[in-house]
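Engineer: Here is what each chain is made of, one letter per residue.
Number of protein chains: 2
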Amino acid sequence: MLVHEMVQLGAKRSGIRELFEYGLKRKAEVGAENVFDFSIGNPSVPAPDAVQAEFRSQAAREDTVKVHGYTSATGAMSVREAVAKNLNARFDAKARPENLFFTCGAAPALMSTMKAMCVPGAEFIILAPYFPEYPTFIRAIGGKVVIVPANTTDFDLHIEDVEPYVTEHTQAIIINSPNNPSGVVYQKAALEALAELLRKKSAETGHPIYIIADEPYRELVYDGYEAPFIPNIYENTVVCYSWSKSLSLPGERIGYVYVPDQAADSTDLFNAVAGSARALGHICAPTTAQYVVERCCCVMPDIKAYDENRKTLYKGLTELGYTCVYPHGAFYMLLKAPFGTALEFSEKAKEYNLLIPPCEPFGCPGYLRLSTCVSHDMILKSLPAFKALLEENR
Amino acid sequence: MLVHEMVQLGAKRSGIRELFEYGLKRKAEVGAENVFDFSIGNPSVPAPDAVQAEFRSQAAREDTVKVHGYTSATGAMSVREAVAKNLNARFDAKARPENLFFTCGAAPALMSTMKAMCVPGAEFIILAPYFPEYPTFIRAIGGKVVIVPANTTDFDLHIEDVEPYVTEHTQAIIINSPNNPSGVVYQKAALEALAELLRKKSAETGHPIYIIADEPYRELVYDGYEAPFIPNIYENTVVCYSWSKSLSLPGERIGYVYVPDQAADSTDLFNAVAGSARALGHICAPTTAQYVVERCCCVMPDIKAYDENRKTLYKGLTELGYTCVYPHGAFYMLLKAPFGTALEFSEKAKEYNLLIPPCEPFGCPGYLRLSTCVSHDMILKSLPAFKALLEENR
Numbered sequence: 001m002l003v004h005e006m007v008q009l010g011a012k013r014s015g016i017r018e019l020f021e022y023g024l025k026r027k028a029e030v031g032a033e034n035v036f037d038f039s040i041g042n043p044s045v046p047a048p049d050a051v052q053a054e055f056r057s058q059a060a061r062e063d064t065v066k067v068h069g070y071t072s073a074t075g076a077m078s079v080r081e082a083v084a085k086n087l088n089a090r091f092d093a094k095a096r097p098e099n100l101f102f103t104c105g106a107a108p109a110l111m112s113t114m115k116a117m118c119v120p121g122a123e124f125i126i127l128a129p130y131f132p133e134y135p136t137f138i139r140a141i142g143g144k145v146v147i148v149p150a151n152t153t154d155f156d157l158h159i160e161d162v163e164p165y166v167t168e169h170t171q172a173i174i175i176n177s178p179n180n181p182s183g184v185v186y187q188k189a190a191l192e193a194l195a196e197l198l199r200k201k202s203a204e205t206g207h208p209i210y211i212i213a214d215e216p217y218r219e220l221v222y223d224g225y226e227a228p229f230i231p232n233i234y235e236n237t238v239v240c241y242s243w244s245k246s247l248s249l250p251g252e253r254i255g256y257v258y259v260p261d262q263a264a265d266s267t268d269l270f271n272a273v274a275g276s277a278r279a280l281g282h283i284c285a286p287t288t289a290q291y292v293v294e295r296c297c298c299v300m301p302d303i304k305a306y307d308e309n310r311k312t313l314y315k316g317l318t319e320l321g322y323t324c325v326y327p328h329g330a331f332y333m334l335l336k337a338p339f340g341t342a343l344e345f346s347e348k349a350k351e352y353n354l355l356i357p358p359c360e361p362f363g364c365p366g367y368l369r370l371s372t373c374v375s376h377d378m379i380l381k382s383l384p385a386f387k388a389l390l391e392e393n394r
Numbered sequence: 001m002l003v004h005e006m007v008q009l010g011a012k013r014s015g016i017r018e019l020f021e022y023g024l025k026r027k028a029e030v031g032a033e034n035v036f037d038f039s040i041g042n043p044s045v046p047a048p049d050a051v052q053a054e055f056r057s058q059a060a061r062e063d064t065v066k067v068h069g070y071t072s073a074t075g076a077m078s079v080r081e082a083v084a085k086n087l088n089a090r091f092d093a094k095a096r097p098e099n100l101f102f103t104c105g106a107a108p109a110l111m112s113t114m115k116a117m118c119v120p121g122a123e124f125i126i127l128a129p130y131f132p133e134y135p136t137f138i139r140a141i142g143g144k145v146v147i148v149p150a151n152t153t154d155f156d157l158h159i160e161d162v163e164p165y166v167t168e169h170t171q172a173i174i175i176n177s178p179n180n181p182s183g184v185v186y187q188k189a190a191l192e193a194l195a196e197l198l199r200k201k202s203a204e205t206g207h208p209i210y211i212i213a214d215e216p217y218r219e220l221v222y223d224g225y226e227a228p229f230i231p232n233i234y235e236n237t238v239v240c241y242s243w244s245k246s247l248s249l250p251g252e253r254i255g256y257v258y259v260p261d262q263a264a265d266s267t268d269l270f271n272a273v274a275g276s277a278r279a280l281g282h283i284c285a286p287t288t289a290q291y292v293v294e295r296c297c298c299v300m301p302d303i304k305a306y307d308e309n310r311k312t313l314y315k316g317l318t319e320l321g322y323t324c325v326y327p328h329g330a331f332y333m334l335l336k337a338p339f340g341t342a343l344e345f346s347e348k349a350k351e352y353n354l355l356i357p358p359c360e361p362f363g364c365p366g367y368l369r370l371s372t373c374v375s376h377d378m379i380l381k382s383l384p385a386f387k388a389l390l391e392e393n394r
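Taken in sequence, the protein lines are chains A and B. What the first sequence shows, in my numbering, is residues 1 to 394, in sequence order. What the second sequence shows, in my numbering, is residues 1 to 394, in sequence order.
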């Protein structure tokens, strides 16, 4: 008399998690320095000094009843004010604190937003390659998952790929840029074309089609790239953000939903996000973390280490004869399986103590994801293993 | 094209919250010292010194990648070990770390547990007076709310009140003791009788009927009372706990679900709780808070202030001629409306700057809830207002 799907969902481990656990076991057997674990997207760069200092300040505050107390469900007003101000300074966003709803990270932010829109028959479009939890999230709130296959020419956003998948039931399309797992950063022209398409389709279907901008990697961009602020391009954009990656705080569970004034039915949508959050068990985002981001939302991450890792790994692998997709953002890189399926290649790689998850769960068969949020030293030491793997098996 | 129920759920404020907001406005008008706000259950006692010191220690740790990093969805193993050990030491619980699933506080703990059990037609029994969010939680996960009316003779657990409401569709009964809002602490004999009833009904219906023990007030008991550890009385008990009240950390969102080995289908149930949490947007409980409770789960709250408040308010009000239910636990006290409905009395009380929410939302008409997690000084200063309110309106 238990819910079978929930038992399954809880019992089933993701492939990435399996590989990570295998890595722990393997490290115990052969020594941590001999295992090259590219599986997990846990920031390897510590939280910036200013953020660490702010955690210490918060812990030292005398008004502990406030520091550890409930805030309103939306978040503390002073925190919302600071973040709105920061969005306005950086992106000319015209955000008011009342547009921001703080959440326990990006996952509940995304789910609250989609649940708010999930009328019967609602379809949510995701673009492969995608974060593997998207389908789980969409199904959990009762929506239909619509997948646009990966465009493996450049893994970029091509409007002609998307158009056939927009129907009268489309409620939103999730845009994740910089992208996990490809590291591709969608540029302004592609997003403008998408905006045009969605305006046209919204007019045809008679209801707004939203962009849900899932952008925890917004600040992790290289080579002078920038991730455009999508509400400035398309009015019906809801932003789901988290400081997990930018401030290296994934465990602290702090993020927000931003529903801009210009979005269709903005007030109702904001209320529906709040109601959905409540229906998902939300009380408030962790208070200490809220006050930390109040002070630190202006702090930019130090991306030097990720940048170097990316370059070293790309250069090393391509010189060995591998094919990789050069990433301009996030801290991942796609690797094309040089033989067999991605799963077969991943299994073979394990024999060389290389842990690389295949991208089938990301909707991108034939590719694997390398996390570059690892130590630079591990990357250097892994290259001979990559060399042997290719030479002995090709 | 938004979900109407979610818009409503997000737009609608609770009566308690309305009263609290009114109080803020009123304080600005007449001065904070002239408003007697008994509305909110936010701990007024600071987190214990040891807990505050542990937050400072965590903030000072050098391995910040770990302190702020993801833990596994279940919680960090060292944290689960410490809490299991503590449960065993205090209650001879025979808990293993693998029985504990850490959550962002009690709300998602309860919802994950109920969602795991929420097969089609599932009924969940709650006893009035009850925490007003229970019906919202149960409806949100798709269950049917079954309410046992309050027994106003003593607000205690009487098995003959419960029995008629147990059906073949009953999946669980929520037991909240010490109780919010009554402060009643159910004793061993009543719980044993409930266990007997549920064993009998489980045998009749052919499936286990669980107790969900929602016990954030477990440690807030007075007069030498103790809240029995319910898994020791009934095998099919799942405990939902939070440190919000006991360690005064409501904003930090830290709690757990405990699925004992002896509960029916224990492994499947644990997995279903994990799966349900995932389907509600759970990634992990806040990491710093996890590490704080690893060290501080043995810290007992200093309940002296709440105890004194309780006695002073009870004595003061009953001497004035009010009828109150003497609480042995939590930090609330029921007040019987001496004239009119509870809502009418609450409205009249506002004219005397007394903010007291009526208990209709708690399923207990005719009564109001006084929070005693307030300053002792405010209680003393409020008594003349209570006196005038009664004398001028009776």
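The set of hints was computed from the structure by calculation and includes no laboratory data. Please read these numbers as outputs of a predicted model, since none were measured by experiment. Keep in mind that the hints are not guaranteed to be accurate.
[What the hints assert, rightly or not] Partial selection, computed: residues in chain B whose CB lies under 7 Å from chain A:
id, residue
1, Val3
2, Val30
3, Gly31
4, Asn353
[As the list claims (entries may be wrong)] Covered stretches of chain B, going by a simulated chain A footprint (3 or more residues, C-beta under 8 Å):
id, region
5, 274-287
6, 312-322
Ideal Cβ positions, reconstructed from N, Cα and C, are used throughout, including at glycine.
Engineer: For each hint, tell me whether it holds in the structure or not.
Structural biologist: Each hint tested on the structure:
| no. | hint | result |
| --- | --- | --- |
| 1 | Val3 | holds (6 Å) |
| 2 | Val30 | violated (22 Å) |
| 3 | Gly31 | violated (20 Å) |
| 4 | Asn353 | violated (22 Å) |
| 5 | 274-287 | holds (count 14) |
| 6 | 312-322 | violated (count 0) |
Of the numbered hints stated above, those contradicted by the structure are hints 2, 3, 4, 6, listed in ascending order.
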